[in-house]
Amino acid sequence: AQSVTQLGSHVSVSEGALVLLRCNYSSSVPPYLFWYVQYPNQGLQLLLKYTSAATLVKGINGFEAEFKKSETSFHLTKPSAHMSDAAEYFCAVTPRGAGNMLTFGGGTRLMVKP
Amino acid sequence: KAGVTQTPRYLIKTRGQQVTLSCSPISGHRSVSWYQQTPGQGLQFLFEYFSETQRNKGNFPGRFSGRQFSNSRSEMNVSTLELGDSALYLCASSSTSGSPYNEQFFGPGTRLTVL
Chain A
3 AQSVTQLGSH VSVSEGALVL LRCNYSSSVP PYLFWYVQYP NQGLQLLLKY
53 TSAATLVKGI NGFEAEFKKS ETSFHLTKPS AHMSDAAEYF CAVTPRGAGN
103 MLTFGGGTRL MVKP
Chain B
452 KAGVTQTPRY LIKTRGQQVT LSCSPISGHR SVSWYQQTPG QGLQFLFEYF
502 SETQRNKGNF PGRFSGRQFS NSRSEMNVST LELGDSALYL CASSSTSGSP
552 YNEQFFGPGT RLTVL
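Line order of the protein sequences matches chains A and B.
Everything in the first sequence is counted per the numbering used here, starting at 3 for the first residue and increasing by one.
Everything in the second sequence is counted per the numbering used here, starting at 452 for the first residue and increasing by one.
None of these hints come from the bench; they were simulated from the model.
For glycine and all other residues, C-beta sits at the position ideal for the given N, C-alpha and C.
One should not assume that every hint holds.
[What the hints assert, rightly or not] Pair ranges (Cβ atoms, derived): (1) Glu68/A x Asn510/B: 48 to 58 Å; (2) Gln468/B x Ala19/A: 26 to 36 Å; (3) Ser478/B x His84/A: 15 to 25 Å; (4) Gly493/B x Ser29/A: 12 to 22 Å; (5) Asn528/B x His84/A: 33 to 43 Å; (6) Pro490/B x Thr79/A: 38 to 48 Å.
[What the hints assert, rightly or not] Counterexamples of contact, computed for chain B against chain A with all Cβ distances above 10 Å: (7) Pro459; (8) Gly467; (9) Ser482; (10) Glu499; (11) Gly535; (12) Leu541; (13) Ser545.
[Claimed, not checked] Only some residues are given here: those of chain B computed to face chain A with a beta carbon under 8 Å: (14) Arg481; (15) Ser484; (16) Pro490; (17) Gly493; (18) Pro551; (19) Pro559; (20) Leu563.
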């Protein structure tokens with residue numbers, strides 16, 4: 003069974019600092035990988051996805067993630083944090099051929115200090 | 452284009468009752484998936500329907516069921532409610548099933564509280 007681990011349930015950064023949210027997956031075959039963001043009292047919004055094209059994936063709001071097969075990782079980064087980035091972030095995977103079933107990591111709450 | 456609509460947004464029930472939640476996908480989308488979000492267990496996949504057929508099912512007891520209608524609207528039902536069923540229930544719609552090239556769009560969720 004697939005699993006996703008997000009290291010750090012809470013991450014705090016200063017405004018303007020680098021954001022790094024970690025995600026590792028376990029799977030014998032690289033799955034499709036996703037990052038979602040959830041703002042309070044809202045559903046999930048897709049930030050970016052990896053589908054086996056380029057290993058460096060650019061998403062919305064200045065976020066990007068790099069797929070590293072050797073490390074089974076898909077970490078999310080943003081060069082400069084903004085106050086509006088404060089939210090909960092979820093890494094998710096879906097095995098190829100498994101429909102739209104997503105397996106989510108535990109989430110990382112990002113706090114941005116002024 | 453209207454987004455994914457979930458009704459009701461908030462619901463309070465008592466143990467032992469049953470509940471039905473509704474999800475209207477984006478127009479033209481044929482896949483609807485349901486997720487349960489709790490502080491303790493996080494986000495867990497319940498099931499996916501595509502063109503009225505259940506395509507995938509997560510690891511939930513039989514008290515959780517769902518269906519999809521010919522207009523792609525979906526309902527999920529939870530019978531004999533337990534306190535642990537208190538959660539945010541999210542649905543997501545997509546135009547296809549199994550293609551990551553088509554984004555899944557999430558609704559705002561239904562917050563179910565079981566007393």
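Cross-check of the supplied hints:
| no. | hint | in the structure |
| --- | --- | --- |
| 1 | Glu68/A x Asn510/B: 48 to 58 Å | 31 Å, violated |
| 2 | Gln468/B x Ala19/A: 26 to 36 Å | 48 Å, violated |
| 3 | Ser478/B x His84/A: 15 to 25 Å | 33 Å, violated |
| 4 | Gly493/B x Ser29/A: 12 to 22 Å | 18 Å, holds |
| 5 | Asn528/B x His84/A: 33 to 43 Å | 41 Å, holds |
| 6 | Pro490/B x Thr79/A: 38 to 48 Å | 27 Å, violated |
| 7 | Pro459 | 15 Å, holds |
| 8 | Gly467 | 28 Å, holds |
| 9 | Ser482 | 6 Å, violated |
| 10 | Glu499 | 5 Å, violated |
| 11 | Gly535 | 18 Å, holds |
| 12 | Leu541 | 6 Å, violated |
| 13 | Ser545 | 6 Å, violated |
| 14 | Arg481 | 11 Å, violated |
| 15 | Ser484 | 5 Å, holds |
| 16 | Pro490 | 10 Å, violated |
| 17 | Gly493 | 5 Å, holds |
| 18 | Pro551 | 4 Å, holds |
| 19 | Pro559 | 5 Å, holds |
| 20 | Leu563 | 15 Å, violated |
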